[in-house]
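So the protein sequences, as listed, match chains L and U. Residue numbering for the first sequence is 666 to 929, as defined by the numbering used here. Residue numbering for the second sequence is 12 to 209, as defined by the numbering used here.
If you are wondering where the hints come from, they were derived from the structure by calculation, not from laboratory data. For clarity, every value in this text was computed on a predicted model and none was experimentally measured. Be aware that a few hints might be false.
What the hints assert, rightly or not - Here are some chain U residues the structure puts well away from chain L; computed CB gaps all over 12 Å: (1) Thr49; (2) Ala86; (3) Phe106; (4) Lys156; (5) Phe187; (6) Thr201; (7) Leu202; (8) Thr204.
Unchecked claim - No farther apart than 30 Å at their CA atoms in a straight line, the calculated lysine-lysine pairs in the DSS-like style are these: (9) Lys794(L) to Lys883(L); (10) Lys107(U) to Lys118(U); (11) Lys100(U) to Lys118(U); (12) Lys156(U) to Lys740(L); (13) Lys16(U) to Lys100(U); (14) Lys883(L) to Lys156(U); (15) Lys156(U) to Lys845(L); (16) Lys740(L) to Lys845(L).
Every residue, glycine too, gets a C-beta built ideally from N, C-alpha and C.
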Amino acid sequence: MKIKTPVRLSLDANAVLKDAVDRLAHANPAMDTSKRNFLRRSLTLGGLSMLTGCKLIDENSAEAALTHISRLNDKAQAWLFDPNRLAPTYPDSMITRPFPFNAFYSEDEVPEVDGDSFRLEVTGLVADKRQWSLPELRAMPQIDQVTRHICVEGWSAIGKWGGVSFASFLRRVGADLSAKYVGFKCADDYFTSIDMPTALHPQTTLALTYDGQPLPPKYGYPMKLRMPTKLGYKNPKHIQAIFVTNTYPGGYWEDQGYNWFGGS
Amino acid sequence: MKNSKVVIHPAWLRVAHWVNALAVLVLVTSGWKIYNATAFLGFAIPGDVTLGGWLGGALLWHFAAMWVLAINGTAYLVLNGVTRRLATKFFPLSFKALVADMGAALKGHLAHADPSQYNTVQRLAYLFVMLDSVLLVLSGLVLWKSVQFPLLRTLVGGYEGARLVHFAGMSALVLFVVVHLVMVMLVPRTLITMVRGR
Numbered sequence: 666m667k668i669k670t671p672v673r674l675s676l677d678a679n680a681v682l683k684d685a686v687d688r689l690a691h692a693n694p695a696m697d698t699s700k701r702n703f704l705r706r707s708l709t710l711g712g713l714s715m716l717t718g719c720k721l722i723d724e725n726s727a728e729a730a731l732t733h734i735s736r737l738n739d740k741a742q743a744w745l746f747d748p749n750r751l752a753p754t755y756p757d758s759m760i761t762r763p764f765p766f767n768a769f770y771s772e773d774e775v776p777e778v779d780g781d782s783f784r785l786e787v788t789g790l791v792a793d794k795r796q797w798s799l800p801e802l803r804a805m806p807q808i809d810q811v812t813r814h815i816c817v818e819g820w821s822a823i824g825k826w827g828g829v830s831f832a833s834f835l836r837r838v839g840a841d842l843s844a845k846y847v848g849f850k851c852a853d854d855y856f857t858s859i860d861m862p863t864a865l866h867p868q869t870t871l872a873l874t875y876d877g878q879p880l881p882p883k884y885g886y887p888m889k890l891r892m893p894t895k896l897g898y899k900n901p902k903h904i905q906a907i908f909v910t911n912t913y914p915g916g917y918w919e920d921q922g923y924n925w926f927g928g929s
Numbered sequence: 012m013k014n015s016k017v018v019i020h021p022a023w024l025r026v027a028h029w030v031n032a033l034a035v036l037v038l039v040t041s042g043w044k045i046y047n048a049t050a051f052l053g054f055a056i057p058g059d060v061t062l063g064g065w066l067g068g069a070l071l072w073h074f075a076a077m078w079v080l081a082i083n084g085t086a087y088l089v090l091n092g093v094t095r096r097l098a099t100k101f102f103p104l105s106f107k108a109l110v111a112d113m114g115a116a117l118k119g120h121l122a123h124a125d126p127s128q129y130n131t132v133q134r135l136a137y138l139f140v141m142l143d144s145v146l147l148v149l150s151g152l153v154l155w156k157s158v159q160f161p162l163l164r165t166l167v168g169g170y171e172g173a174r175l176v177h178f179a180g181m182s183a184l185v186l187f188v189v190v191h192l193v194m195v196m197l198v199p200r201t202l203i204t205m206v207r208g209r
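One chain only, chain L, in its complex shape:
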């Protein structure tokens, strides 16, 4: 598992300007493949410090304070989260077509996963650590639902995902349901983690299908964790390994500054 290290360079006025120009160049957000460029941006005050002609706040201390508040926001969201409150569901006629592709890479970089040899790893605080083939997962009771995918970038789209209830799966593998986190490692080097109450939410689905068809590569073949109670970046695609842990696992975007809980 290759872990990508976030890169942060300090910004100067020109970089801020270039940033703005870069953003303006991207007219279609859903097709925006420039997410990698985000890594080169920092938490700087950006143009604001140019406006005032001085650095209002030291960048590092501001970043530390903001990160601290983001952890408090995790706690606030965990407190607000109602394990029984369902996200709205929609009729099939409201599905967004085509459903946007979105990742930290472009569509031609989608990983190819061989379904026949695929085995899902399940590790950590679980009683049964055996690996799962796709037919075994398809043999479990399947659910599906039409829900709204909300992207942190400021758009949303309605899609239909089907698969195994994640709560049932966690019970089946004898996961320690009192553990704090469930982590995911993916074939596209993405990784993320979620809180146990969300993992056990009735709508949280280990999705194997999209719109009644096997999950296509661009939507995360062979499986994606679909949570209508969390923002898009919390919904990992191309899952290869699931682990239950009490050690904070972080995530690809979360380690760069996106809020960890990322709930909606």
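Dock chain U against chain L, hints included.
For chain U alone, kept in the frame of chain L given last:
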């Protein structure tokens, strides 16, 4: 100079005003950066006037400053209520007085001589910005936690409705701030009052 000893704006009000101003500055400029990530209305806001450097940074600023606005705003409204400042400074509102004040404003001699009294245009403008701020907080709550606030979500027209309401509320707030700043420049005495209290 008996008059100069009279406190027009009590200390709590001045503190709340300036904390609020800072929170709004951070929220609006970081909000613009967040908006730019998709720019759903088809235009982008120049990066120079945005805060956060990138989307993740802007979100950190926004979700930090939202607490400042929510807590400070609530304290402002509660103190305005319990001290009866709201009742005495902003009411009664009369349509007749509004027409008269508007007419006077257009002729260029709307009375500002007594800074302890708000004219009808001011009363309406300040009441509007209070309500607009409440709307911004509530629509923001739906954008932040749409699943957890189903009633609010319905009231603002669903998740995507909340985005429009939030943006429109921001635009109205920015318009208010622009007019407010112009008025302060025209009547600088009001700035001194908001700093020194008298």
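Violations among the numbered hints, reported as their numbers in ascending order: Violated hints (numbers, rising): 1, 4; every other hint is consistent with the structure.
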